[in-house]
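Undergrad: Listed below are the residues making up each chain.
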Amino acid sequence: MGLYALWEREFKVYLREHSRIISSAISPILWLFVFGTGMGSEFNVGNINYQAYIFPGIIAMTMIFSSVFYGASIVWDKRLDFLKEVLVAPISRATAFMGKVLGGATDGIIQATIIIILSPIFGIPFGLDFFLVYLFLFMLVVGLTSIGLIIGSFMESPEGFGLISGFVTFPLFFFSGALFPLSNLPAWLSAVTLANPVTYGVDALRGLMLGVYRFGLFADLLVLGSFALVLVYCGTLAIRRMRL
Amino acid sequence: MNDLHVYSFNNSRAIIRFENRDRCLSVRGRIRLSGLAPKLIPVSVEEEVVPQQGVVVIENLSKIYNRDVRAVDGISFAISEGEIFGLLGPNGAGKTTTLHILATLLKPTAGTAKIDGYEVGRQPSKVRKRIGIVFQEPSSDELLTGYENLKLHAFMYGVPSEIRKDRIDEALNLADLTGRKDDLVKHYSGGMRRRLEIARGLLHRPRVLFLDEPTLGLDPQTREHIWDYIERLVVELKISVILTTHYMDEADRLCDRIAIIDHGKIVALDTPENLKRALGGDVIRLQMSSPNLSAVDVLPYIRKVDVHDRLVSLTVLDASSHIQEILAVIGKVDTVELRPPSLSDVFLHYTGREYREQEMVKKEW
Numbered sequence: 001m002g003l004y005a006l007w008e009r010e011f012k013v014y015l016r017e018h019s020r021i022i023s024s025a026i027s028p029i030l031w032l033f034v035f036g037t038g039m040g041s042e043f044n045v046g047n048i049n050y051q052a053y054i055f056p057g058i059i060a061m062t063m064i065f066s067s068v069f070y071g072a073s074i075v076w077d078k079r080l081d082f083l084k085e086v087l088v089a090p091i092s093r094a095t096a097f098m099g100k101v102l103g104g105a106t107d108g109i110i111q112a113t114i115i116i117i118l119s120p121i122f123g124i125p126f127g128l129d130f131f132l133v134y135l136f137l138f139m140l141v142v143g144l145t146s147i148g149l150i151i152g153s154f155m156e157s158p159e160g161f162g163l164i165s166g167f168v169t170f171p172l173f174f175f176s177g178a179l180f181p182l183s184n185l186p187a188w189l190s191a192v193t194l195a196n197p198v199t200y201g202v203d204a205l206r207g208l209m210l211g212v213y214r215f216g217l218f219a220d221l222l223v224l225g226s227f228a229l230v231l232v233y234c235g236t237l238a239i240r241r242m243r244l
Numbered sequence: 001m002n003d004l005h006v007y008s009f010n011n012s013r014a015i016i017r018f019e020n021r022d023r024c025l026s027v028r029g030r031i032r033l034s035g036l037a038p039k040l041i042p043v044s045v046e047e048e049v050v051p052q053q054g055v056v057v058i059e060n061l062s063k064i065y066n067r068d069v070r071a072v073d074g075i076s077f078a079i080s081e082g083e084i085f086g087l088l089g090p091n092g093a094g095k096t097t098t099l100h101i102l103a104t105l106l107k108p109t110a111g112t113a114k115i116d117g118y119e120v121g122r123q124p125s126k127v128r129k130r131i132g133i134v135f136q137e138p139s140s141d142e143l144l145t146g147y148e149n150l151k152l153h154a155f156m157y158g159v160p161s162e163i164r165k166d167r168i169d170e171a172l173n174l175a176d177l178t179g180r181k182d183d184l185v186k187h188y189s190g191g192m193r194r195r196l197e198i199a200r201g202l203l204h205r206p207r208v209l210f211l212d213e214p215t216l217g218l219d220p221q222t223r224e225h226i227w228d229y230i231e232r233l234v235v236e237l238k239i240s241v242i243l244t245t246h247y248m249d250e251a252d253r254l255c256d257r258i259a260i261i262d263h264g265k266i267v268a269l270d271t272p273e274n275l276k277r278a279l280g281g282d283v284i285r286l287q288m289s290s291p292n293l294s295a296v297d298v299l300p301y302i303r304k305v306d307v308h309d310r311l312v313s314l315t316v317l318d319a320s321s322h323i324q325e326i327l328a329v330i331g332k333v334d335t336v337e338l339r340p341p342s343l344s345d346v347f348l349h350y351t352g353r354e355y356r357e358q359e360m361v362k363k364e365w
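Residue numbers (the working numbering), protein chains in the order written: chain Z, 1 to 244; chain R, 1 to 365.
Bear in mind the hints are in silico, worked out from the structure with no lab data behind them.
Take these hints with a grain of salt, some might be off.
Unchecked claim - When the alpha-carbon atoms are kept at most 30 Å apart in a straight line, the in silico BS3-like pairs for lysine-lysine are as follows:
1. Z/LYS12 <-> R/LYS151
2. R/LYS107 <-> R/LYS129
3. R/LYS126 <-> Z/LYS84
As the list claims (entries may be wrong) - Partial pick of chain R residues on the chain Z-facing surface, computed with a CB cut under 7 Å:
4. ARG128
5. LYS129
6. ILE133
7. SER139
8. LEU152
9. MET156
10. TYR157
11. PRO160
12. SER161
Unchecked claim - Label-pair ranges, simulated between beta-carbon atoms:
13. Z/PHE218 <-> R/ARG67: 34 to 40 Å
14. R/GLY121 <-> Z/VAL34: 55 to 61 Å
15. Z/LEU194 <-> R/ASP169: 55 to 61 Å
16. Z/ALA94 <-> R/ALA37: 55 to 61 Å
17. R/GLU224 <-> Z/GLU156: 54 to 60 Å
Ideal Cβ placement from N, Cα and C applies to all residues, glycine included.
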């Protein structure tokens with residue numbers, strides 16, 4: 001089946017770029033253990049240690065950066081004209097897009113898993129309901145990868161992509177409640193965080209891992225789920241519009 | 001590619017039509033219900049041979065950008081099975097754009113293009129199954145092996161799993177890459193990549209193979225190998241090939257017919273021999289600074305005179321008998337060359353431009 005083959009290709013290419021896998025694990029570890037420990041020694045959020053508080057946020061951060069940057073791969077595919085080969089094949093644009101999304105999703109989820117596995121070393125207390133956590137991780141990563149791929153479909157060069165995606169990733173991260181609680185915020189800040197789909201992902205992860213919810217699991221599921229679906233749809237349109 | 005249609009008139013009579021690309025068999029008869037299964041009692045059988053317009057039929061195809069730029073301007077031609085058809089022309093002439101339209105990567109602004117009866121604008125996925133294309137720029141994934149690239153292609157084109165492995169092995173064999181199949185394409189040479197991509201384009205047994213500058217940037221030996229390879233393919237697989245090129249020797253060697261394209265229009269279309277013969281004579285080329293053109297024009301056997309910078313090109317009937325007289329009247333000559341017409345001369349004749357091959361090399365493989 002075309003979709004499987006495309007995913008397989010993304011995965012093989014990912015594995016062969018060893019450097020990426022390692023470097024992508026370093027940044028979240030630094031955030032978590034340096035920033036988290038530093039702040040955690042001073043602050044608690046409610047009765048939760050700060051380091052534990054930001055843990056789900058750091059996972060989301062990893063997803064944001066790796067997924068959106070996955071979109072750069074489409075710029076490379078364009079450069080290599082490998083994309084032409086895919087577009088000329090009798091597979092639907094939707095299949096072609098989903099192949100890349102699933103590739104990016106695999107990348108993101110592997111990284112999240114690395115962090116989750118490493119964390120007990122540093123003694124962060126959290127609960128893990130595998131199915132639900134991974135469901136939310138999946139929805140988050142699908143939506144974010146789609147954003148990255150859509151940006152990538154408009155860019156001609158990797159540098160251009162880096163610039164634009166920077167404008168997108170930082171707000172997504174900082175306005176998501178990853179680093180600070182969402183209550184008692186000034187109106188403008190509150191509005192932005194509520195409009196950010198990642199906020200709901202972080203909330204869900206925090207809720208599942210630490211038991212602290214702001215919006216409730218069901219609301220999070222609804223928002224994140226629709227976010228993922230809408231973005232995949234937009235992605236299919238973006239690929240169709242792509243000029244070669 | 002076989003279609004079965006059942007048409008029934010009323011409850012007791014029907015026609016069953018069985019169509020493939022060449023023939024249409026109609027069985028007319030009466031329906032009788034015996035038990036639970038209806039039976040057709042044949043009354044008459046008819047066979048028609050469907051007239052073949054051609055595997056590729058293009059009518060008035062145009063691609064216009066921004067209302068002004070006519071990349072492709074009303075071209076028409078038809079190609080039959082087993083034919084190698086060449087599109088010859090300088091860069092910007094519209095060759096690659098035409099190819100991209102036929103490959104369903106671009107939508108035409110006007111006109112129709114049909115591959116095996118299917119219109120490229122309206123039924124792109126049916127067209128895609130029936131074509132293979134080898135782009136000018138390399139389009140394999142460098143981080144996959146040769147084998148993996150072929151496998152991905154086989155999956156995307158729905159090659160049935162039972163024959164997939166055989167087809168891939170066959171393709172590797174044809175491309176002479178069986179020994180290197182597990183190496184990353186990153187480590188292949190330009191010629192190897194090109195052979196891989198041509199073999200890949202055929203994996204799903206298309207009816208038409210598009211080759212965009214197949215030997216661009218390759219050394220002479222590899223070019224020769226690839227030409228042999230293409231000729232063999234056409235004979236063995238009975239496919240049609242459309243190739244774009246700016247190499248005269250390639251067009252001359254491979255193509256059954258050539259269309260010369262300039263500024264989006266076809267300015268000439270015929271077999272290479274006819275095109276050359278149409279020039280009406282041999283060519284004498286002279287490098288000189290001040291040709292005495294009035295003296296030359298008067299000579300009765302001079303068919304055509306072209307002057308471009310310091311190059312005077314004369315098309316002369318029976319040039320070898322007349323060269324002495326020409327040299328006597330034309331003036332002081334630096335160098336002179338006499339030969340039968342080549343495609344470069346044909347090109348010059350139809351487009352009014354000298355063809356400089358070195359300028360045309362774009363990307364290297």
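Undergrad: Does R/SER161 hold up as a contact with chain Z if the rule is Cβ-Cβ below 7 Å?
TA: Since chain Z brings no Cβ nearer than about 10 Å to R/SER161, farther than 7 Å, the hint is violated.
Undergrad: Does R/PRO160 pass the interface check with chain Z, least Cβ-Cβ distance below 7 Å?
TA: violated (12 Å)
Undergrad: Between the beta carbons of Z/ALA94 and R/ALA37, is the distance compatible with 55 to 61 Å?
TA: violated (40 Å)
Undergrad: Does the Cβ pair R/GLU224, Z/GLU156 satisfy 54 to 60 Å?
TA: violated (37 Å)
Undergrad: How about R/ILE133: closest beta carbon in chain Z under 7 Å, or not?
TA: Status holds, d = 6 Å.
Undergrad: Could you grab the alpha-carbon distance between R/LYS107 and R/LYS129 and see if it respects the 30 Å cut-off?
TA: Given that 30 Å is the threshold and the Cα spacing comes to 17 Å, the pair holds.
Undergrad: Are the Cα atoms of Z/LYS12 and R/LYS151 separated by 30 Å or less?
TA: holds (13 Å)
Undergrad: Against chain Z, with CB atoms and a cut of 7 Å, does the hint on R/SER139 hold up?
TA: holds (4 Å)
Undergrad: For the range 34 to 40 Å, tell me whether the beta carbons of Z/PHE218 and R/ARG67 fit it or not.
TA: Given a distance of about 53 Å, which is not inside 34 to 40 Å, the answer is violated.
Undergrad: Hold the hint about R/LEU152 up to the distance rule: shortest CB distance to chain Z must be less than 7 Å.
TA: At 5 Å from the nearest chain Z Cβ, R/LEU152 passes the 7 Å test, so the hint holds.
Undergrad: Can you tell me whether the CB distance of R/GLY121 to Z/VAL34 sits inside 55 to 61 Å?
TA: holds (58 Å)
Undergrad: Please test the hint of 55 to 61 Å on the beta carbon pair from Z/LEU194 and R/ASP169.
TA: Holds - the Cβ-Cβ distance for Z/LEU194 and R/ASP169, about 58 Å, lies within 55 to 61 Å.
Hint compliance for this structure: hints 11, 12, 13, 16, 17 are not met, and every other hint is.
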